[in-house]
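Student: Note that the protein sequences, when read in sequence, are chains A and B.
In terms of the working numbering, the first sequence opens at residue -16 and continues consecutively.
In terms of the working numbering, the second sequence opens at residue 11 and continues consecutively.
Because the hints were derived from the structure by calculation, they are not lab data.
Some hints here could point you the wrong way.
As the list claims (entries may be wrong) - Residues of chain B clear of chain A, computed beta-carbon distances all greater than 10 Å:
1) Ser35
2) Ile38
3) Gly43
4) Lys65
5) Thr75
6) Arg85
7) Ile89
8) Glu91
9) Ala103
10) Val107
11) Gln118
12) Ser208
13) Arg252
14) Arg261
15) Glu272
16) Trp284
Unchecked claim - Chain B regions said to be covered by chain A (calculated; three or more residues, Cβ under 8 Å):
17) 17 to 23
18) 135 to 142
19) 170 to 183
Stated by the list, open to error - Among the chain B residues that face chain A by a calculated CB cut under 8 Å, a handful are:
20) His228
21) Ala249
22) His285
Glycine residues also receive a C-beta, built at the ideal position from the N, C-alpha and C atoms.
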Amino acid sequence: MSDFEYAPAPESKAIANISKDYGLFINGKFIASHNKKRFETINPANEEVLAKISLADEVDIDKAVKAARSAYVKVWSKLSGKERAKYLFRIARLLQERSREFAVVESLDNGKPIRETRDIDIPLSAAHFFYHAGWADKLEFAGFGDKPKAHGVVAQIIPWNFPLLMLAWKIAPALATGNTVVLKPAETTPLTALLFAEVCQQADLPPGVVNIITGDGSTGAALVKHPDIDKVAFTGSTEVGKLIARSLAVSNTPVTLELGGKGANIVFEDAPIDQAVEGIINGIFFNQGHVCCAGSRLLLQENIHDEFLNKLQKRMSKIRLGDPLDKNTDIGAINSAAQLAKIHELSSSGQAEGADIWSAPCQIPNKGFWFAPTIFKGVTQAHRIAREEIFGPVLSVLTFRTPQEAIEKANNTPFGLSAGVWTDKGSRILWAGNHLKAGVIWANTFNKFDPASPFGGYKESGWGREGGRHGLGAYLKGAK
Amino acid sequence: MSLDIKKTYKLFIAGAFPRSESGRSYEIRDKKGNFIANPAQASRKDLRDAVLAAKNAHSSWASATAYNRGQILYRIAEIMEGRSEQFVAEIMAMESVSSKQAQLQVRQAIDTWVWYAGWSDKISTIAGSTNPVAGSFFNFTVAEPLGVVGIVAEEKSSLLGVVLGLAPVLAAGNCAVLIASQKRPLSAITLAECLATSDVPAGVVNILTGLSDELTPHLASHMEIDGLDLSGVDGKSAAALRISSVDNLKRVHSFSAEKSPERILSFMEYKTLWHPIGV
Chain A
-16 MSDFEYAPAP ESKAIANISK DYGLFINGKF IASHNKKRFE TINPANEEVL AKISLADEVD
44 IDKAVKAARS AYVKVWSKLS GKERAKYLFR IARLLQERSR EFAVVESLDN GKPIRETRDI
104 DIPLSAAHFF YHAGWADKLE FAGFGDKPKA HGVVAQIIPW NFPLLMLAWK IAPALATGNT
164 VVLKPAETTP LTALLFAEVC QQADLPPGVV NIITGDGSTG AALVKHPDID KVAFTGSTEV
224 GKLIARSLAV SNTPVTLELG GKGANIVFED APIDQAVEGI INGIFFNQGH VCCAGSRLLL
284 QENIHDEFLN KLQKRMSKIR LGDPLDKNTD IGAINSAAQL AKIHELSSSG QAEGADIWSA
344 PCQIPNKGFW FAPTIFKGVT QAHRIAREEI FGPVLSVLTF RTPQEAIEKA NNTPFGLSAG
404 VWTDKGSRIL WAGNHLKAGV IWANTFNKFD PASPFGGYKE SGWGREGGRH GLGAYLKGAK
Chain B
11 MSLDIKKTYK LFIAGAFPRS ESGRSYEIRD KKGNFIANPA QASRKDLRDA VLAAKNAHSS
71 WASATAYNRG QILYRIAEIM EGRSEQFVAE IMAMESVSSK QAQLQVRQAI DTWVWYAGWS
131 DKISTIAGST NPVAGSFFNF TVAEPLGVVG IVAEEKSSLL GVVLGLAPVL AAGNCAVLIA
191 SQKRPLSAIT LAECLATSDV PAGVVNILTG LSDELTPHLA SHMEIDGLDL SGVDGKSAAA
251 LRISSVDNLK RVHSFSAEKS PERILSFMEY KTLWHPIGV
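Let the sequences and hints guide you as you build the complete structure.
Tutor: Here's what the structure looks like:
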């Protein structure tokens, strides 16, 4: 009997009302950038242009910061927490109402599968606003003193891997704690942030409380250097995070950083193997591996290595790569040509340094940016693919014999964002959890996120936490 | 008549009191300009040895029970109490204060150890949480020690500044490398002698004397130091130190001269663990 083939099941694009071009969202209105410069945002699955986006420069940034300052002084700082909360609740509801549209636009602009935008990115974004709305009038109970104070104007720069979700992680706590915001979305994924600007209008959010300025790296660099910024929050690479930290070291402006990772996913011999295989797949191939907390190093106890890899490869062969809008798609497009080149470069280094490459057999579409799910066997700790963040669907497999060796290898990285532990033994989970130097530990699960759960890294994975009670501290003056 | 036995002021590294490996020392004088001593002038190599000692001591100190750490911190207070006269005399030699003020400073320093001793088994309760995530998971957050913390203590009150820097770092389960005040190092060295006899494991605290401008840049750039307390550094120098501390993204803070649980948490790191709930 032959296998049943999946019929195409594409989500309709009709719901996505993407304008031909977008201005900057400053002081509650969309306005043209002062130098009229534009750049294009494309669909990475077929390289078609989706819209023309304004490129903000210093003049536009100054305008946005002034709008945010004025909104802070005149309106937002005078509003009670109770009233701020209502705006956030409204935004949460509007996101839920328009979730289908947001999911489609996100998949088009980012390349990630609709299954993920529909089930994870968009609902979690709404959940972040709903969660933080409830904090706005309860901050004095959050453990940051009985009169917690906002910073004022916050500059926020977010990455392209979870465009709307990262916006929600940034804007929701900032507004709940009483700050106003100038946010710069990533160059390759500005659309859902601009759609979010419309949501702010629909919510009647006072003009200037949220400002969205689009652009490239130069826009972001100019934004953090603006002298009237009280706090900076950045999610992105460790390299850029350090540049920002250095540029703010003199003024000593408070900064939070969510940076890179090289998460270890440790599978002990007593782990439920089939469940662990699913967890490893989710850990590295979720969102094409464009995840800072991805489980990009698989640490297998030596005696289960062969059995485990057999099952993993069999499972990887069933992964469906293709049209991000198809509801059956597991892996979508790589977000950009530049990112694809980086993945190729690191992958080639893995081969050159002597690791064994294996890629799942899948049809790569003719247009767009794609990379088949790939594993490297026989990786050593010295290999670049074991040390550097690939940010793509590439898994490095290493082995260990004793639990101590597993921990030592897992911690042998300058990063410390996430780690996974797979074992049936409760005491071993807690022991490993104690010894792993990472901000988030997933035991017998991976890549789970929730607004109530603090997220952030040890060591060079960043400064501070986002989410939960702990995340509020980043947006309150003097909180540690 | 019998002659005073004068003390040789040395470094405190890995539980021992070595001279600087460089063989250097520098002269300190009291507030009237009289010669007091030639403390060791630590080198970059001494600093690296101190960091290594702190790093090696960290895992057992961090995994000691919080109750045990609390008792050891309290023990430091006990030992200091017996030496209070010496602390008072040294403060009066170096600082323009009355004997009453010096006594008060010693009192406050001892009380600071007692206060933080009590925090060691409470800070996690205050700072941790269980998080009600939307799913069938048990999810909790704990505060963990950061690792090795470099301290440049506030030097106006030379003993109190050192204790305000060290006590919260130790209560959290961190190890410390402290650079003593260049002009007023006596209290820090005498404190080291208390630490050495207070059941504080070797390497948990390391104290260097020498020239601040020579040592602090190496403290800021050392890749095995995880946190920095720059309370004793003035604004301009602090900016330069913050820049070099970015190389490994150290957690950098300065504090006012107050006791607070936030000061402990500044050098702790939040870890969140998820586990499925199921039968």
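Student: Now tell me, hint by hint, if it's right for this structure.
Tutor: Results of checking the hints against the structure:
1. At roughly 33 Å, the least C-beta separation between Ser35 (chain B) and chain A is larger than 10 Å, which holds for a residue marked as non-interface.
2. Distance check for Ile38 (chain B) against chain A: the nearest CB is about 32 Å away, which clears 10 Å, and the non-interface claim stands.
3. Residue placement check: Gly43 (chain B) keeps its beta carbon more than 10 Å from all beta carbons of chain A (closest about 37 Å).
4. Residue-level check passed: Lys65 (chain B) sits 13 Å from the nearest beta carbon of chain A, beyond 10 Å.
5. No Cβ of chain A comes within 10 Å of the Cβ of Thr75 (chain B); the nearest lies about 13 Å off, and the non-interface call holds.
6. Interface exclusion of Arg85 (chain B) from chain A stands, the closest Cβ pair being 26 Å apart, more than 10 Å.
7. For Ile89 (chain B), the requirement that its beta carbon stay farther than 10 Å from each beta carbon of chain A is met, with the minimum near 30 Å.
8. Every CB of chain A lies more than 10 Å from the CB of Glu91 (chain B), the least distance being 31 Å, so the non-interface label holds.
9. Interface exclusion of Ala103 (chain B) from chain A stands, the closest Cβ pair being 35 Å apart, more than 10 Å.
10. Distance to chain A confirms Val107 (chain B) as a non-interface residue, since its nearest Cβ pair spans about 30 Å, more than 10 Å.
11. Every CB of chain A lies more than 10 Å from the CB of Gln118 (chain B), the least distance being 23 Å, so the non-interface label holds.
12. Every CB of chain A lies more than 10 Å from the CB of Ser208 (chain B), the least distance being 26 Å, so the non-interface label holds.
13. With a least CB separation of 4 Å from chain A, Arg252 (chain B) falls inside the 10 Å interface cut-off, contrary to its annotation.
14. A beta-carbon of chain A is positioned within 10 Å of the beta-carbon of Arg261 (chain B); the least distance is around 7 Å.
15. Against the 10 Å criterion, Glu272 (chain B) falls within the reach of chain A, whose nearest CB is about 4 Å from its own CB.
16. Non-interface status of Trp284 (chain B) relative to chain A is broken: a Cβ of that chain comes within 10 Å, the nearest being about 5 Å off.
17. Only when three residues or more bring their CB closer than 8 Å to a CB of chain A does the claim for the region 17 to 23 of chain B stand; here the count is 0, and the claim is violated.
18. Residues of the region 135 to 142 of chain B with a Cβ under 8 Å from some Cβ of chain A number 5, which satisfies the need for three, so the listed coverage holds.
19. For the region 170 to 183 of chain B, the stated coverage by chain A is violated: 0 residues have a C-beta nearer than 8 Å to a C-beta of that chain, whereas at least 3 were required.
20. Hint status for His228 (chain B) relative to chain A: violated, with the closest Cβ pair at about 17 Å, above 8 Å.
21. The beta carbon of Ala249 (chain B) is positioned within 8 Å of a beta carbon in chain A (closest approach about 4 Å), and the interface hint is therefore held.
22. Contact between His285 (chain B) and chain A, as hinted, is supported at the beta carbon level, the nearest pair being about 5 Å apart and thus within 8 Å.
In this structure, the earlier hints numbered 13, 14, 15, 16, 17, 19 and 20 are contradicted, and the remaining ones agree with it.
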